[in-house]
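> For this one, chain A is given, so just place chains Z and W on it according to the hints.
Residue numbers (this note's numbering), protein chains in the order written: chain A, 1 to 292; chain Z, 1 to 153; chain W, 1 to 379.
There could be a bad hint or two in this list.
[Stated by the list, open to error] Derived DEER-like restraints, expressed as beta-carbon distance ranges:
no.	chain 1	residue 1	chain 2	residue 2	range
1	Z	M134	A	T234	43 to 49 Å
2	A	R34	W	R94	30 to 36 Å
3	W	A367	A	D49	52 to 58 Å
4	A	K177	W	E307	39 to 45 Å
5	A	D8	W	G67	38 to 44 Å
6	W	D261	A	G172	51 to 57 Å
7	Z	D45	A	A212	35 to 41 Å
8	W	A367	A	A18	43 to 49 Å
9	W	D261	Z	A131	37 to 43 Å
10	Z	A67	A	G172	18 to 24 Å
[To be verified] Some chain A residues near chain W, calculated using beta-carbon distances under 7 Å:
no.	residue
11	A12
12	A16
13	A18
14	F55
15	G69
16	V92
17	V95
18	K255
19	R267
20	V273
21	D274
22	M287
Just so you know, the hints here were simulated from the structure itself, not pulled from any lab data.
The structure displayed is predicted, hence computed values, not measured ones.
Beta carbons: idealized from backbone N, C-alpha and C, even for Gly.
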Amino acid sequence: MTSLAEHDHADAAAHALAAGDAMLPRPYRVVRTRQDTRDTVTLQLEPVDGVPLKFSAGQFTMLHAFGVGEVPISISGDPTKEGLLEHTIRNVGSVSGALVAAAPGTILAVRGPFGTGWDVSDGMGGDVVFITGGIGLAPLRPAILELLANREKYNRVALLYGARTPDDILFGDELRKWADLLGIVVEVTVDSGPHSWRGRVGLVTQLIPRIAFDPANTVALVCGPEVMMRACATALRGRGVPAASIRLSMERNMKCGVGLCGHCQLRELFICVDGPVLTYERLAPLMSRWEL
Amino acid sequence: MQTIEEYLPEHPFFAGLDQPTLELLAGCATNVHFDANEVLFHEGDQADTFYIVRKGLIAIQVQSPSAGGVVVDTAEAGGVVGWSWLVPPYRWMFDARASEPTSAVAFDGACLRGKCESDPAVGYALMQRVARVMLDRLEAARLRLIDMYGSSS
Amino acid sequence: MTDDTRVLGLAGLQALIDALGLRGYTVIGPTVRDGAIVNAPISSLDDLPRGIGDEQDAAHYRLRDRGDEALFGFAAGAQSAKPVLFPSDELLWRSRRTADVTVIDREVEPPPGPPYALIGVRSCDLRAILMHDQILLERTAADVHYAARRAESFVVAVACTDPAGTCFCVSMDTGPSPRGGYDLALTELYADGEHRFVVAVGTDRGAEVLAEVAATTATADDVAVAERVITEASGRMGRALQTDGLKYLLYANVESPHWDDVASRCLACTNCTLVCPTCFCTSVEDVTDLTGVNAERHRVWDSCFSEEFSYIHGGSVRESTRSRYRQWITHKLAAWEDQFGSFGCVGCGRCITWCPAGIDITVEAAALRGTPRKTSQRS
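If we strip away everything but chain A, and leave its shape as in the complex, we get (with noise of 0.2 Å):
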């Protein structure tokens, strides 16, 4: 901290004035929408302004339904293309309700982008681990996409997917591309299936002692809800991937992205600017304790 003596607040003020109001939303225009499973939809949208909003894998914006309300959303479009921005939203509740309900053309407004990213090219030179469950794999997508525009540049890639029933399943068609095509070994399981599933059942942390990786030279990114990350953490470590190399996307309270607002803390940290993207060094102590 500045000392008391040195503490000038009239230049902090007026720097912060000059820096713009990260408060204010830019309008974006819903240009398609496409209905990925029951309650999921993917909304393409294009800035009124005609700036792209550039941003990494893994970070989020604040998308705002116009007298709802504002939710953090992670982006879940391709990094390497300027184009339009992309989000995959669950309806799991007013503000998520009113923006997978938005028609080709509604103004939405969007703060961001924000937080840290997945940096998957920390993986090059290795072996790449993603693993995802439920609406997870939206988040992921933008570093899978960013490390397939480079996919020479890595040793083995695996992406393990956990969804609650085959129809859960998102990105269907992408996920056989990317195996087919491209060289990531997809591995998929579900919790329970119809008698007519002819995959997987089970969780998706089984799958991790099934795929061949160098613990030592793999980065592994993983994200889907708390209770799944720490156990593919602890399978992950099992295996002896260092705790260092495990990535994990948290979800807290946001009301800001921008530290502001306090709702995202984990004790000392601010989930919205030092993650959401978080190795699991730092959070293992955090999220073995209930309610912090």
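Showing chains Z and W alone in chain A's frame:
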């Protein structure tokens, strides 16, 4: 094709067992094959077999009048199927069906129990392996119980 | 105090208030309202709580007649400067939606109204303002409304000469005398001879304003008396908080059974966070008119004691009161240090005074020191 004695050390379930023990257990085993959709066993039937899967996929499922058949677990290459042969009343609790053409090694349950009882060291080694798989399944089942991916609305 | 130290009489203090008013400031100072000291616009010494002191203890606040003419003879008032510089409700932006277009109104320029001059800011509260500067101005993103209000603000601090029963600024090393961050700082002297104010100058701007009023150079005696008064006040703190190793104490006690004990008393009413000068957590609210055409977005104070505060899909992260109290005190006395390099508590004692259950941060921290730990935790 490999003999059962040659294959058993390659299956993760038997990893670490010594050759004499494997030969002993192989005496209870036969190779089996199931076509897609073929039923291995039905709920309530006499449970007299333990399967280790060599390739393919076996679905453990339960009939429900409202939901139809629900697949609650699967076992694939490297996995195992069937615990009910271990403990009385030796009856299956679920149905098992091959989701795709599947090769497995089938062990006669009574034969395995006999080996375990006559040689407690073999019995302990086998039970340790059974416990490890059961623990893995139980943990996974508990986590699936909380519906962590969440249902909407 | 330096050679720049000056002295003002009562007339000089009135002249100071007048000078600030003439410069266009809205002058805010302590007043008596509804049986409490509250900040309000002032124009005259008569607006100040002359001869009023206070009694403060856990869940207890009373004004009392001091039997003297002191203008600043009380301790922390009901509120700090927080509601002035960081109001509980701030309009962020408006939007208008018509059939084919939605407009986000950027004409809401912060802040409305003239700049504030704050008279009588206590050292604890001044330290809290400096923390808000750090948190709201000097990080990834700034609160532009706070920035605008703060940029123009003028601070006349006052040293505490009569601390209350809930004060522990000495423990937190924030008082009782302001040590920086002010334009001018007063020490009120009334016990010996002439009623006067020893004035320390903190900024050029402070010196300019002071030059316009009848301030004389302080004598060695004035300075000595002021120092003695401060020293005496330092010895009369009503509370103490042992701060060594506090961060590790809180982190290590994350699963202490003591949290259940606090939770059995805590009503999760949020009073402590509302009166706390450093608490900065906020939420946002969307307000739509009946036509659905016009909407407003507001930034409002929030509290980590509310259940919704930590809500994510599926439920609240901190469902129990024990976890919310633990979050609050751990943030104040431990996590704040990791985040901002200092304690998040300035020792003003308001959370103790205004807690309806009389929960005392100094007592709870001390109780943790006495709680045997079952397990240790890496931090």
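> Against this structure, judge whether each hint is valid.
Against the structure, the hints come out as follows:
1. M134(Z) with T234(A): 43 to 49 Å: Distance hint for M134(Z), T234(A) is violated at roughly 18 Å.
2. R34(A) with R94(W): 30 to 36 Å: 32 Å, holds
3. A367(W) with D49(A): 52 to 58 Å: 56 Å, holds
4. K177(A) with E307(W): 39 to 45 Å: 44 Å, holds
5. D8(A) with G67(W): 38 to 44 Å: At roughly 42 Å between Cβ atoms, G67(W) and D8(A) fall inside 38 to 44 Å, so the hint holds.
6. D261(W) with G172(A): 51 to 57 Å: 53 Å, holds
7. D45(Z) with A212(A): 35 to 41 Å: 37 Å, holds
8. A367(W) with A18(A): 43 to 49 Å: The hint (43 to 49 Å, Cβ to Cβ) holds, given that A367(W) and A18(A) are roughly 47 Å apart.
9. D261(W) with A131(Z): 37 to 43 Å: With Cβ atoms ~41 Å apart, the hint holds.
10. A67(Z) with G172(A): 18 to 24 Å: 22 Å, holds
11. A12: Cβ of A12(A) sits 4 Å from chain W, so the hint holds.
12. A16: At 3 Å from the nearest chain W Cβ, A16(A) passes the 7 Å test, so the hint holds.
13. A18: At about 9 Å, which exceeds the 7 Å cut-off, the nearest Cβ of chain W leaves the hint on A18(A) violated.
14. F55: Because about 16 Å separates F55(A) from the closest Cβ in chain W, which is outside the 7 Å limit, the hint is violated.
15. G69: Cβ of G69(A) sits 5 Å from chain W, so the hint holds.
16. V92: OK, holds: V92(A) within 7 Å of chain W, min 4 Å.
17. V95: Since the shortest Cβ distance to chain W is 9 Å, the answer is violated.
18. K255: 5 Å, holds
19. R267: Status holds, d = 5 Å.
20. V273: 5 Å, holds
21. D274: 9 Å, violated
22. M287: This interface hint is violated because 11 Å lies over the 7 Å limit.
When each numbered hint is compared with the structure, violations occur for hints 1, 13, 14, 17, 21, 22.
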